[in-house]
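**Q** Taken in sequence, the protein lines are chains C and H.
Everything in the first sequence is counted per the working numbering, starting at 1 for the first residue and increasing by one.
Everything in the second sequence is counted per the working numbering, starting at 1001 for the first residue and increasing by one.
Calculated directly from the structure, the hints in this document are not laboratory data.
Treat the hints with caution; some may be incorrect.
Stated by the list, open to error - With a straight-line Cα cutoff of 30 Å, these simulated DSSO-like cross-link-like pairs (lysine-lysine) come out:
no., chain 1, residue 1, chain 2, residue 2
1, C, K313, H, K1086
2, C, K18, H, K1248
3, C, K269, H, K1370
4, C, K145, H, K1052
5, H, K1145, C, K24
6, C, K269, H, K1341
7, C, K91, H, K1313
8, C, K52, C, K86
Each chain is listed here by its residues.
2 protein chains.
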Amino acid sequence: MLRIGVVGVGTVGQSVCKILEDNKDIITARAGVEIVPVAGVVNDLSKKRDVKIKLTNNVDELLNDDNIDIIVELMGGVEKAYEVVKKALEKGKPVVTANKALLAYHRYELQEIAGDTAFEYEAAVAGGIPIINALRDGLSANHIKSIRGIINGTCNYMLDKMINENIPYDVILKEAQELGYAEADPTFDVGGFDAAHKLLILASIAYGIDAKPEDILIEGIENITSEDIAFAKEFNYSLKLLGIAKKKNDKVELRVHSVLIPNKEMIAKVDGVMNGVSVVGDKVGETLFYGAGAGGDATASAVIANIIDIARKGKGSPMLGFNMPLEDGLTLASKDDIETKYYLRMQVEDKSGVLAKIASILGKRDISIKTMLQKSYDETKANLLLSTHTCKEKDIKEALNELKSSGVVLSMPAMIRIEE
Amino acid sequence: MLRIGVVGVGTVGQSVCKILEDNKDIITARAGVEIVPVAGVVNDLSKKRDVKIKLTNNVDELLNDDNIDIIVELMGGVEKAYEVVKKALEKGKPVVTANKALLAYHRYELQEIAGDTAFEYEAAVAGGIPIINALRDGLSANHIKSIRGIINGTCNYMLDKMINENIPYDVILKEAQELGYAEADPTFDVGGFDAAHKLLILASIAYGIDAKPEDILIEGIENITSEDIAFAKEFNYSLKLLGIAKKKNDKVELRVHSVLIPNKEMIAKVDGVMNGVSVVGDKVGETLFYGAGAGGDATASAVIANIIDIARKGKGSPMLGFNMPLEDGLTLASKDDIETKYYLRMQVEDKSGVLAKIASILGKRDISIKTMLQKSYDETKANLLLSTHTCKEKDIKEALNELKSSGVVLSMPAMIRIEE
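So here's chain C without its partners, still in its complex pose (with noise of 0.2 Å):
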């Protein structure tokens, strides 16, 4: 019998041991053992949960406990997280996370601090996709050129909506709200940060790449507008948030933003609350893993996935994928070196000599436009949206704040990259 302790019951540690009851006898053929949730620690004792575990609010209990085998880390947050997983992890108790924050600022630490510990964590990108497994085992052939993850519901859901029922933003946020999608303070989701935690796991597996949120392109979804809409739909593409890992050459790009995507690209088919990671590997070419990114059931069935490897094999694959660095590492590319397509949006003056002007500001630092599309806004203003070919992010910026103090544009110029 393998006996876990749940630090953290809320809805995913009440799934986890939900399911670990309803599919007792499928878990325990496969996995070879009984696997038994017996404790749990909360920090209000006087909430009711229903769980049938003795509960408690002393993590240490659990910890200090040698009947407990395993710790499930389902308590959210970074640096109390660390100390908990920290000592589970020095006593030599396997451990399990769901926790992509704890992941993104100490992934490497907690490498080191485990050894020879199992310490997995599926649940922590994409919730119930196998894409840790995929990439750490399954594509473990392959130099990575690129992963493109829709990796928060949340944004997916309301993008989605956006674009297929022309609902404003702040409705549909407020939809999202209500449907449990989205939390009261939104910003994790909507900007961009929860992708990047998530992302930056994901790159670590491919490319061996430390990087912390604070060190990549992150952008959420919150300026989108009707008028981005309008163009993605004229121009047949999907509007996604997506967080963005490319290789080229020694160099790993890392980015969370909103993309324009055409609409036949399999990626681009992840509708709805849903997740989906694209992967390119050299040999294998595009793979796409899609499923529910998130709930309590679909995140405890990755979290019980891995105590059955736990159970089945002890430690099994290196936790970040590499058994020893590479030898010629690859490095994080610069925010100003990010090479990409570009759609823009300004309001301009709907007057001679405007757009002359703007080919001018774009075209010196060798911007080609590749669309336009102009839209008069009212008898002496118009809506100005292009879209570029291939240029460097640093261009693009000098241009906008060119193009801001031109004078022939009225505000600040809108930028949504694009993914071809």
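Given the coordinates of chain C, assemble chain H onto it according to the supplied hints.
**A** Using the frame of chain C, we list chain H on its own:
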């Protein structure tokens, strides 16, 4: 250093050798040990191959060589491959295979023979997609409700061209043969047998069920006509060859056949020569795994992932996913008891009373009609296309036979199952 012996040095075997060299840096870092192909077995030593390893036509040289750590079986076929794999495992040499036919017939004996020796086969199903990995490890907490797999790229390519470019079956088959997607004798692919082999492997992992190709319903795509294609388009269906496994109480339906599937479903979007497998777990919901199902490099990607796995952890998960049998094991459902929706196509005399007769033959078996489309063929004949609500395979088969001898239907009606 881990030394590999490759039995069968064709397209995949050569890719395995090449990738181990091309990606040596990342493979070594991930595996923690250098992986080197050292010897290969071929039938015809005079044929030129693009590999640097020592070649022999005597497999025993490899099996008896203590310097060879892992045998990679890529020779294909069933009985000869079985003997080779058996000998290797009996000598305690781990085996990696891409041979689905071997596993379709001998997976349970080989699991027994392997015991604690690693025996892996990721490449046997859906080529480069790590679906064995996902189903056996990533989704192990779930009772699997269903698997629906596009696991034959040849058929998917042909159906895609038939439906999206209106190319007739014979023409597209010839094109697929010229492109190397279909063999000179295409029966194995277009008859559904290749997909059936793969389905049986997945069904063992999902359900612990032992079945052989002879035990299950296997139909191909040979009888699809332009009328069927037109009907599919009319009602927003895609046309796919699916391998289907479905749990219904304590029975499992296993079947391979063409299906009409609503365009909006994620698996309907898997186009061209690509593969995709949708797995529905009772806790995780629907997941989908997409990628290249064939080709030297994609298949070799999976073979090498298995070798890296063995380097990392020796024998990992139980070969077929179960460390002990399920207490209340599942059994194979009878072909007659399959329940689904059906599309029927028949040529009828264009005169009064015909529809009433057909409706009566269906109605007395509780087969109710959902949609109908009648198209005049000439002055005396019409094509009748209809879809049913859910009913039993046995009833449909009986109805089709009665329709044939009813006097109003001019030849044996055609039938395609509908997956919704």
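**Q** If a hint holds in the structure, say so; if it doesn't, say that too.
**A** Here is what the structure says about each hint:
For the hint linking K313 (chain C) to K1086 (chain H), the alpha-carbon distance of about 24 Å falls within 30 Å, and the restraint holds. As the CA atoms of K18 (chain C) and K1248 (chain H) are separated by approximately 22 Å, the hinted pair is consistent with the 30 Å bound. Distance restraint check for K269 (chain C) and K1370 (chain H): the Cα-Cα separation of roughly 28 Å lies within the 30 Å cut-off, and the hinted pair is therefore satisfied. Pair hint K145 (chain C) plus K1052 (chain H) holds up; C-alpha atoms about 27 Å apart against a cutoff of 30 Å.
For the suggested pair K1145 (chain H) and K24 (chain C), the alpha carbons sit about 16 Å apart, so the restraint of at most 30 Å is met. In summary, the hint linking K269 (chain C) to K1341 (chain H) is supported, as the alpha carbons are separated by about 26 Å, within the 30 Å threshold. Annotation: proposed proximity of K91 (chain C) to K1313 (chain H) holds, straight-line Cα distance about 23 Å (limit 30 Å). With a CA separation close to 27 Å, the supplied pair K52 (chain C) and K86 (chain C) stays within the 30 Å bound.
The earlier numbered hints are all upheld by this structure, with none contradicted.
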